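The hints should help you fit chain E with the ligands onto chain W, whose structure is shown.
Chains as they are written, first to last, in the working numbering: chain W, 1 to 277; chain E, 1 to 89.
Just to be clear, a hint being listed does not mean it is correct.
With beta-carbon atoms standing in for the labels, derived distance ranges [said to hold, decoys possible]: (1) W:SER213 to E:ARG46: 22 to 30 Å; (2) W:SER213 to E:ARG57: 13 to 21 Å; (3) E:VAL59 to W:GLU260: 47 to 55 Å; (4) E:ARG46 to W:GLY59: 54 to 62 Å; (5) E:ARG73 to W:GLU266: 48 to 56 Å.
Hints were generated in silico from the structure; no laboratory data involved.
This structure is a prediction, so every number in the text was calculated from the model and none was measured.
Each residue gets a CB set at the ideal place from its N, CA and C atoms; glycine is no exception.
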Amino acid sequence: MAFDYEKYLRMERMPHMWCPGCGIGIVVKAMLRAIEKMGWSQDDVAVVSGIGCTSRTPGYLDFNTLHTTHGRALAFATGLKLARPDKHVIVISGDGDAAAIGGNHFLHACRRNIDITLIVVNNYIYGMTGGQASPTTPFGMRASTAPYGAVDPAMDICQVAIAAGATYVARGTVAQGLLLERYILNGLKHKGFSVIEAMSDCPVQYGRRNRMSSAVEMIQWIRDHGVPVTRAKELPPEELEGKFVTGELHVAERPEYTEEYRRLIEKAQKAAEGAHG
Amino acid sequence: MAETRVQEGKAAGAVEQPSPGKSLPRIEVIADFCKGCEICVVMCPRNVLEMRADPSRWVGSVVAVVRPEACTRCMLCEVHCPDFAIKVF
Ligand code: SF4
Ligand code: SF4
Ligand code: SF4
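With the rest of the complex left out, here is chain W (with noise of 0.2 Å):
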């Protein structure tokens, strides 16, 4: 039965900016999915953004929303999550955003190990600048600050997150909008900081660049290009050149920030109470 989106989408700004065919739509879509799965009152969902194509996307969803400054979503989120530990807060960025300018952010936020869900959209480039080269752009393809092929190898998303702490990470991709959908849920439902890395597919700016000016191409070379963990743990090194690893890639307990900061607030306090007393 037809998923009502409409629920969830300010439906006066529609239809959305994104280029036809583009990724992003498809990890929104799995999102509100797993929002409506969480049983959550829109009222108690914050869902922040920085700059770029995929941070369009609290523009266009009916909760609260905020749209930051670039790279900078994770530091608004920290201090909203802990002004209101409450709420739901969800982040989402796309590669240029979470991995280059808010790189230094998000290494802190996987270390706090704060209650809140990232999605990084990868789509391999900044796409809303003009299709600059960025940390995941994969070795050899082009941009147009890498006009023969970026010479920086790429940046894996989910193993930075996983060493800096992270305690909820998985990867999926838009072609299999349902397992992202999954790993959303399960990112939600986690208490601490959950990263899910969405790859997905601009048409327009890496796609036209790399012989792969349609979204279906794009979609089909990202469906062929990811490797379920199950199998990859199998697989030499040299297979898995070139492709990503897709699935529940960690999961793990660690105490989370707001509670540690609540208990560090009562102990102060005691000690206040103390020294007066």
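This is chain E with the ligands only, laid out in the frame that chain W set:
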């Protein structure tokens, strides 16, 4: 046979169902939202959908429902439409 139609308006209006085929799938396309990307067409495992040229639209085409009776309501078209433009009931 399932009833289908390409909607012209933005809002999903009421669509009458033929009474005997209550449980047959109904596929609605919100034409104003469709950007002609073709993703739903390749996602559909049953070849229910097809692109139709439409020079009146800036994107040049719009999706059409051509084999509604083959639809299994797998929802793959709806899940993967980036533009909130196709709905399966
Ligand atoms: S430029 Fe790329 S990422 Fe931005 S809306 Fe267009 S297709 Fe999507
Ligand atoms: S619901 Fe499934 S079978 Fe029916 S049109 Fe959509 S993709 Fe095809
Ligand atoms: S996926 Fe959506 S926007 Fe693309 S052709 Fe199908 S209905 Fe139109």
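- [ ] If any of the earlier hints don't hold here, list their numbers in rising order.
- [x] 4
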